[in-house]
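Using the working numbering, read the sequence shown as starting at 1 and increasing by one per residue.
Bear in mind the hints are in silico, worked out from the structure with no lab data behind them.
As the structure is a computational prediction, the values presented were derived from the model and not from experiment.
Even for Gly, the Cβ is constructed at its ideal location relative to N, Cα and C.
Possibly wrong hints are sitting among the right ones.
As the list claims (entries may be wrong) - Ranges of calculated distance between the beta carbons of each label pair, as one might list FRET restraints:
id, residue 1, residue 2, range
1, Leu144, Lys21, 40 to 50 angstroms
2, Gln246, Asp38, 42 to 52 angstroms
3, Arg133, Ile225, 32 to 42 angstroms
4, Ser39, Val129, 31 to 41 angstroms
5, Ser39, Ile225, 16 to 26 angstroms
6, Thr198, Leu244, 25 to 35 angstroms
Unchecked claim - No more than 25 angstroms apart at the CA atoms, straight line, and that leaves these computed lysine to aspartate or glutamate pairs for DMTMM-like:
id, residue 1, residue 2
7, Lys62, Glu22
8, Lys21, Asp121
9, Lys62, Glu119
10, Lys107, Glu22
11, Lys62, Glu122
12, Lys130, Glu197
13, Lys200, Glu61
14, Lys18, Glu104
15, Lys109, Asp121
16, Lys130, Asp95
17, Lys186, Asp121
18, Lys109, Asp216
19, Lys190, Asp174
20, Lys130, Glu104
21, Lys109, Glu119
22, Lys107, Asp121
23, Lys130, Asp216
24, Lys130, Glu61
25, Lys243, Asp216
26, Lys150, Asp174
27, Lys107, Glu122
28, Lys186, Glu122
29, Lys240, Asp216
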Amino acid sequence: MSYGFLIPVYNHGAPAYKVVKELLPYGLPVILVDDASDSESKRWLKDCADLSGLVRLITLEKNRGKGKALTAGFREAAGMGLSHVVQLDADGQHDVSRIPRFIELSKAKPGFLIAGCPEYDESAPANRVKGRRVANFFTHLVTLNRKAIKDSMCGFRVYPVEQAFRLSSRGLWDHRMGFDIEILVKMYWKMVPVISETVKVVYPEGGMSNFRMVRDNIRITLVFIRLCLGMVFHIPSLIKMRKLYQ
Numbered sequence: 001m002s003y004g005f006l007i008p009v010y011n012h013g014a015p016a017y018k019v020v021k022e023l024l025p026y027g028l029p030v031i032l033v034d035d036a037s038d039s040e041s042k043r044w045l046k047d048c049a050d051l052s053g054l055v056r057l058i059t060l061e062k063n064r065g066k067g068k069a070l071t072a073g074f075r076e077a078a079g080m081g082l083s084h085v086v087q088l089d090a091d092g093q094h095d096v097s098r099i100p101r102f103i104e105l106s107k108a109k110p111g112f113l114i115a116g117c118p119e120y121d122e123s124a125p126a127n128r129v130k131g132r133r134v135a136n137f138f139t140h141l142v143t144l145n146r147k148a149i150k151d152s153m154c155g156f157r158v159y160p161v162e163q164a165f166r167l168s169s170r171g172l173w174d175h176r177m178g179f180d181i182e183i184l185v186k187m188y189w190k191m192v193p194v195i196s197e198t199v200k201v202v203y204p205e206g207g208m209s210n211f212r213m214v215r216d217n218i219r220i221t222l223v224f225i226r227l228c229l230g231m232v233f234h235i236p237s238l239i240k241m242r243k244l245y246q
């Protein structure tokens, strides 16, 4: 098995630079996917690429959303021969000290997807925390399981590359903030088991979020409507999957 990091970036150049510096001591490849960021972020990302030969920078000419950025990253990882990638967000919210634990779990269960379950501190906006509870309620509904996926929106995960690239390259419904939910649920539907593991998540003071409250909540709502409709075709496999968690 071979591992690397995958970070989609949109206008978080400076925070991404700090994240990459924290990742380099692990000695693993780092795939940065620039989703058509602004000029200042592009300068930071070029500096990231100059830090080490371990860093690969992919640039998308047009902003197409997190899902498309991750799909490009999965494609690159597959071409590099990586079996798994650790996905992190570029804004520095995730506790990178949890990486060894996530990789340890993945190596023990290489066919599983390891999904982050956030532990928030007092910096977390109350509306975001409440929104996650609603999203997780519907995730449990469309998977018929409360034990597998404890959080469906956290961007800290270990993906098996082959399965993730195969599914994402077929074209999912949402390529923006609903992508994390959709790919996680649909991989579970495809009988890729999920292990949820905690990770501390902070909201840095002055940090910029790409989440747009109205637009993205509408998109996420539409994702769940489609998932609720689609789950009926996967009930036999969902019943089988439940037995893994009993």
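Violated constraints from the hint list, given by number and in increasing order: Those not satisfied are hints 3, 5, 6, 7, 9, 11, 13, 15, 17, 18, 20, 22, 24, 25, 27, 28 and 29.
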